[in-house]
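S.K.: If you read the protein sequences in the order shown, they are chains C and V.
Residues in the first sequence are numbered from 15 upward in steps of one, following my numbering.
Residues in the second sequence are numbered from 77 upward in steps of one, following my numbering.
Hints listed in this document are in silico derivations from the structure and should not be mistaken for laboratory results.
Virtual Cβ for every residue (Gly too), placed ideally from N, Cα, C.
Please note that a few of the clues may not be correct.
Label-pair restraints from in silico Cβ distances [to be verified]:
# : chain 1 : residue 1 : chain 2 : residue 2 : range
1 : V       : D139      : C       : K236      : 26 to 34 Å
2 : C       : S218      : V       : A157      : 20 to 28 Å
3 : C       : R239      : V       : R153      : 44 to 52 Å
4 : V       : S86       : C       : S120      : 45 to 53 Å
5 : V       : D106      : C       : R95       : 27 to 35 Å
Calculated cross-link-like contacts (lysine-lysine; reagent style BS3-like; alpha-carbon spacing at most 25 Å) [claimed, not checked]:
#  : chain 1 : residue 1 : chain 2 : residue 2
6  : V       : K112      : C       : K236
7  : V       : K151      : V       : K123
8  : C       : K66       : V       : K151
9  : C       : K223      : V       : K78
10 : V       : K112      : V       : K123
Every beta carbon over 12 Å from chain V, so not counted as near; a handful from chain C, in silico [stated by the list, open to error]:
#  : residue
11 : G78
12 : T124
13 : R142
14 : E171
15 : G216
16 : Q235
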Amino acid sequence: MAAPACCLSGFMQKWGMGTPKMNPETPRPLPATPLPSKVVKDDESALVAAAKAGDVSAFETLVGRYERKIFRLTQNITQNREDAEDAMQEAFLKAYEHLDNFEGNSRFYTWLVRIAVNQALMKLRKRRPNQISLDEDIETDGDSMPREVEDWGPSPEQRYQQTEMSEILSGVIGELDPSFRVVFQLRDIEELSTEDTAEALGLSVPAVKSRLLRARLKLRQKLNRYFRQGEAS
Amino acid sequence: MKPKCEKILSELSDYLDQGIDPALRAEIEDHLTKCKDCRVVVDTTQKTIDIFCNSEPAPLPDDARHRLYDALQKKIRSCRA
Numbered sequence: 015m016a017a018p019a020c021c022l023s024g025f026m027q028k029w030g031m032g033t034p035k036m037n038p039e040t041p042r043p044l045p046a047t048p049l050p051s052k053v054v055k056d057d058e059s060a061l062v063a064a065a066k067a068g069d070v071s072a073f074e075t076l077v078g079r080y081e082r083k084i085f086r087l088t089q090n091i092t093q094n095r096e097d098a099e100d101a102m103q104e105a106f107l108k109a110y111e112h113l114d115n116f117e118g119n120s121r122f123y124t125w126l127v128r129i130a131v132n133q134a135l136m137k138l139r140k141r142r143p144n145q146i147s148l149d150e151d152i153e154t155d156g157d158s159m160p161r162e163v164e165d166w167g168p169s170p171e172q173r174y175q176q177t178e179m180s181e182i183l184s185g186v187i188g189e190l191d192p193s194f195r196v197v198f199q200l201r202d203i204e205e206l207s208t209e210d211t212a213e214a215l216g217l218s219v220p221a222v223k224s225r226l227l228r229a230r231l232k233l234r235q236k237l238n239r240y241f242r243q244g245e246a247s
Numbered sequence: 077m078k079p080k081c082e083k084i085l086s087e088l089s090d091y092l093d094q095g096i097d098p099a100l101r102a103e104i105e106d107h108l109t110k111c112k113d114c115r116v117v118v119d120t121t122q123k124t125i126d127i128f129c130n131s132e133p134a135p136l137p138d139d140a141r142h143r144l145y146d147a148l149q150k151k152i153r154s155c156r157a
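Same shape as in the complex, but just chain V:
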């Protein structure tokens, strides 16, 4: 990995989070037009975030839900007593 690429990657999170100043953003985007490897890393890192962010949580198992609501009812009763 070239030094320029490493510099770009060190700013990757802020770049993806829209948290960098416009001059640095322009510098990164200029590099991305020239460097396929960095383009792929940026793209696949964004996809990584999107996949996790958009993933649906699995349903809570029935036995765990029963125990949760049972404990909650007890807590409610004890708080009211």
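Chain C with its partners taken away, still in its complex shape:
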């Protein structure tokens, strides 16, 4: 089995200094921030600029805006609650620590996603050493090509409550090989471009496209059992 992917080390050399640990102490209320943010809450670039200028509450607004999405991302990649929380926390701490390195060439959220993905992949590799390598070739075995073709009807997701849907989606994405689910996560959930996904993962554009196609077809196949017409909810 190949060594862990090299893409991570380059990224971490750039962004990943230090390894903040989860705080085991009793949670307490946040202290008042010394510089209350005056920034309009829906303007990401203004919030980032204010945070870089020392406005702590602007950064906390960004954290509050993205905490759920980043936690879902790390949960989907690691498939482990404790690792997901650690990776999320470390991602936000690194983002704060290295905010001055963010040059604004992409959205702040895209930058944050890249940090979080790398934190999550490190957790995954630590838990499953020698099993996770994103940059090795994956043979196309044709197993994602549809064998059964069943229609779902117009709005299959409406058959389930939101909580049920979250569990279904989390379950099926967890059944994918990590090298597929991380590509799907970045392209179709975080909506990064193919090029940004390739760069973030140290993969070629054709490799991203190939894995994305297979991930989509596999997920479609896995969702069949929940969404096919006539399936009772």
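Given chain C's structure and the hints, the job is docking chain V onto it.
M.R.: Coordinates of chain V only, in the frame set by chain C:
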């Protein structure tokens, strides 16, 4: 699955992402008018993407949020020290 269907499916992602040239798009759309199986696969794959893309993330558990903000406050203090 017929060879033509396999060719169409190999282009499925680019087709759904609007990333193919017009001639190939026309060829795929012509095939889709004739092949119900491919039509269903294209439709359900698009729905798969939409369902994931539109899904709302679950709220962060309270204990995880407390630990996150606690760690953040410590980081802020250490960066300012």
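S.K.: Work down the list of hints and note, for each, if the structure agrees.
M.R.: To see whether the hints hold, each was checked on the structure:
no.: 1; hint: V:D139 <-> C:K236: 26 to 34 Å; in the structure: holds (31 Å)
no.: 2; hint: C:S218 <-> V:A157: 20 to 28 Å; in the structure: violated (44 Å)
no.: 3; hint: C:R239 <-> V:R153: 44 to 52 Å; in the structure: holds (50 Å)
no.: 4; hint: V:S86 <-> C:S120: 45 to 53 Å; in the structure: violated (30 Å)
no.: 5; hint: V:D106 <-> C:R95: 27 to 35 Å; in the structure: violated (48 Å)
no.: 6; hint: V:K112 <-> C:K236; in the structure: holds (20 Å)
no.: 7; hint: V:K151 <-> V:K123; in the structure: violated (42 Å)
no.: 8; hint: C:K66 <-> V:K151; in the structure: holds (15 Å)
no.: 9; hint: C:K223 <-> V:K78; in the structure: holds (22 Å)
no.: 10; hint: V:K112 <-> V:K123; in the structure: holds (16 Å)
no.: 11; hint: G78; in the structure: violated (9 Å)
no.: 12; hint: T124; in the structure: holds (16 Å)
no.: 13; hint: R142; in the structure: holds (23 Å)
no.: 14; hint: E171; in the structure: violated (5 Å)
no.: 15; hint: G216; in the structure: holds (20 Å)
no.: 16; hint: Q235; in the structure: violated (9 Å)
In the structure shown, a violation is registered for the earlier hints numbered 2, 4, 5, 7, 11, 14 and 16, in ascending order.
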